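2 protein chains.
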Amino acid sequence: MAPQPKYLSGDQSAIDEFINKFDIFLFDCDGVLWSGDHLFPGTVETLELLRSKGKKIVFVTNNSTKSRADYQKKLSSMGIPSEIDEIFASAYSSAIYISRIMKLPAPKNKVYVIGEAGIETELRSEGVEFVGGTDPAFRRDITPEDYTKMADGSMLDENVGIVLAGLDFHINYLKLSIGYQYLARGAKFLATNTDSTLPSNHTFFPGAGSISIPLINMTGQHPIALGKPSQAMMDSIEGKFQFDRKAACMIGDRLDTDIRFGLEGKLGGTLAVLTGVSKKAEWEVEGAKVVPAYYVDKLSDLKG
Amino acid sequence: MAPQPKYLSGDQSAIDEFINKFDIFLFDCDGVLWSGDHLFPGTVETLELLRSKGKKIVFVTNNSTKSRADYQKKLSSMGIPSEIDEIFASAYSSAIYISRIMKLPAPKNKVYVIGEAGIETELRSEGVEFVGGTDPAFRRDITPEDYTKMADGSMLDENVGIVLAGLDFHINYLKLSIGYQYLARGAKFLATNTDSTLPSNHTFFPGAGSISIPLINMTGQHPIALGKPSQAMMDSIEGKFQFDRKAACMIGDRLDTDIRFGLEGKLGGTLAVLTGVSKKAEWEVEGAKVVPAYYVDKLSDLKG
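If you're matching them up, the sequences are chains X and V in order.
Position 182 of the first sequence, counted from 1, bears residue number 191 in the working numbering, the numbering being contiguous throughout.
Position 104 of the second sequence, counted from 1, bears residue number 113 in the working numbering, the numbering being contiguous throughout.
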């Protein structure tokens, strides 16, 4: 069996050692801080304790429909105080990646967006030009004229060099067709994240990964994903916060996204909390590939 | 190298032998009879020749948006006379499969349709009940209320036992969400066909397979496909026409769909025509897996 994680709940000296070891904590949110609309007791106090010890906190979410400002409102509505600079969502991650890492030469650096307003806000904040997104001109049925104008390119923007697909509650045949045309003409393919489902109301709805997958199916190309567990997101976070990875710890409830994200990013630590998706049994089996360094029953166990 | 196909063009005795060997010819259409809007010269005469020799002709198409009647109009508009009973499209294939092969016990045998009117027409012709499809109630944005009503099941039809996904020019987030809910509740998963793209105007648009793939991505389930090269379609054709497979020949332009369909169906023969997608070089390489039994440069070479 793989080396097993250290269990921290109820062990104050181990908790102190754990907290002292790191300067920055990356937090997954749903399943860690809250579940659905239910804030876990002690969440706010635990975050306060870490802040009082001078720790940097970053909320890392794959949610691609919200800008950082939107997400701060969500945290606020859950009763969690935060700074906008503590928030790292996949829409922002994508904008950062495009503007600071890809840096395509103008003018062929426009982005065709499949997604909601949060992506647009973050692209604007980085000065990235885009088409598509929430533009009503793209929220309609395809017409016979569209086929001709896509085929001859006359309805396409020749400066689009990137297709960015996120969660789009207004996905339609026209948007997918246009996305395909840009990719077929050589645009780079990015996805805010590739989660196949979106958990809500104790069931699942299509996630961002189920919006981009028709384009993968049509082109055979796979997008660079800017959400957990993709390391492109870790690179974006590091680019922004400039921290020592050895002094960073990822905290999350999902082994396949959060813990994997921290392990592959070679962070100093990973902490699993058992208030979400993954269960202890998943790392206690022979051949388990993703094993956190630490685990607690619930986040508030850290405040002792 | 695999045994190579017999080349018939210009070899009258080989052509006569070929035609005499079969009683029924299954025809792919686009790339064989016509390309786009252009009817190949000699198509009508070749079909007449076969009919005059008492051969049965079946037009086999993966087009899922058209009923047989719609497709007959298309053939007619291309100048090709046909009988409705000579037409086998994937919408009809799906209806036949549901009504004559699956035969789910009532009342849990309703179909949730993602697709266009052709599917509805064919389901009605087989007396199969359905919801979804072109119903305007499903052609709208998702609302906050929908999430609740999907989660508690109150907006779902409890008698839906099958999800059938075909090409849908009105695909949206609501339809995909509902499709997921039915599958998660145990409905059987069918697809009219799984072509990733739809060729049109010398480029590509999303095909039926790019409509069903978000559901595959969300559920991990793969649908039974009712179009070429799926043998479920061959079973449907055989169920309807009752022929000896050894006396049947599949004629098509695509190795990966048409010729494979005939080979896996163990038909007596397969004929590739070089007026469409696949080229001779594809079966002339070492390790070629799909090799037709015969080929011609163009269909009309059969009329000598």
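I should point out that these hints are in silico values taken from the structure, not numbers from a laboratory.
You may find that some hints are simply not true.
Copies of the same chain are indistinguishable here, so a pair counts whether it falls within one copy or spans any two.
Stated by the list, open to error - As a list, the in silico SDA-like pairs of lysine to any residue whose alpha-carbon atoms are at most 20 Å apart: (1) Lys-82 x Pro-153; (2) Lys-117 x Asn-210; (3) Lys-158 x His-211; (4) Lys-158 x Pro-208; (5) Lys-307 x Thr-55; (6) Lys-158 x Phe-178; (7) Lys-249 x His-179; (8) Lys-307 x Thr-143; (9) Lys-197 x Pro-116; (10) Lys-158 x Phe-147; (11) Lys-255 x Thr-152; (12) Lys-255 x Asp-306; (13) Lys-65 x Arg-133.
Owing to the predicted nature of the structure, the values given are computational and were not obtained by experimental measurement.
- Message: With identical chains, the pair Lys-255 and Asp-306 could be close in the same copy or across copies; at 20 Å between alpha carbons, which is it: within, between, both, or neither?
- Response: neither (24 Å within a copy, 66 Å between copies)
- Task: Up to 20 Å between alpha-carbons, please classify Lys-158 paired with Phe-178: within, between, both or neither.
- Result: between (25 Å within a copy, 17 Å between copies)
- Task: Classify it for me, Lys-65 with Arg-133: is the Cα-Cα distance of at most 20 Å met within a copy, between copies, both or neither?
- Result: For Lys-65 and Arg-133, neither the intra-copy (26 Å) nor the inter-copy (63 Å) Cα distance is at most 20 Å.
- Query: Which holds for Lys-158 with Pro-208 at a C-alpha limit of 20 Å: within a copy, between copies, both or neither?
  - Reply: between (38 Å within a copy, 15 Å between copies)
- When no copy is specified for Lys-307 and Thr-143, does a C-alpha distance of 20 Å or less occur within a copy, between copies, both, or neither? neither (39 Å within a copy, 48 Å between copies)
- Item | Copy assignment of Lys-255 with Thr-152, given that the CA separation must stay at most 20 Å | Neither. Shortest intra-copy (55 Å) and inter-copy (44 Å) distances fail the 20 Å Cα cut-off.
- Query: Under a CA distance limit of 20 Å, which applies to Lys-307 and Thr-55: within one copy, between copies, both, or neither?
  - Reply: within (11 Å within a copy, 75 Å between copies)
- Query: How would you label the pair Lys-197, Pro-116 (within, between, both, or neither) given a Cα cut-off of 20 Å?
  - Reply: Within. Shortest intra-copy distance 15 Å satisfies the 20 Å Cα cut-off; inter-copy 49 Å does not.
- Homomeric proximity label, Lys-158 with His-211: Cα distance no greater than 20 Å: Answer is between; shortest inter-copy Cα gap is 12 Å, intra-copy 43 Å.
- Query: Between the shortest in-copy and the shortest cross-copy C-alpha distance, which are at most 20 Å for Lys-82 and Pro-153: within, between, both, or neither?
  - Reply: Answer is between: at 18 Å across copies they meet the 20 Å cutoff, but 42 Å inside does not.
- Query: Checking Lys-117 and Asn-210: alpha-carbon separation at most 20 Å within a copy, between copies, both or neither?
  - Reply: This pair counts as neither: shortest intra-copy Cα distance 42 Å, inter-copy 26 Å.
- Under a CA distance limit of 20 Å, which applies to Lys-158 and Phe-147: within one copy, between copies, both, or neither? within (14 Å within a copy, 28 Å between copies)
In summary, the structure is inconsistent with hints 2, 7, 8, 11, 12, 13 from the numbered list given earlier, while agreeing with the others.
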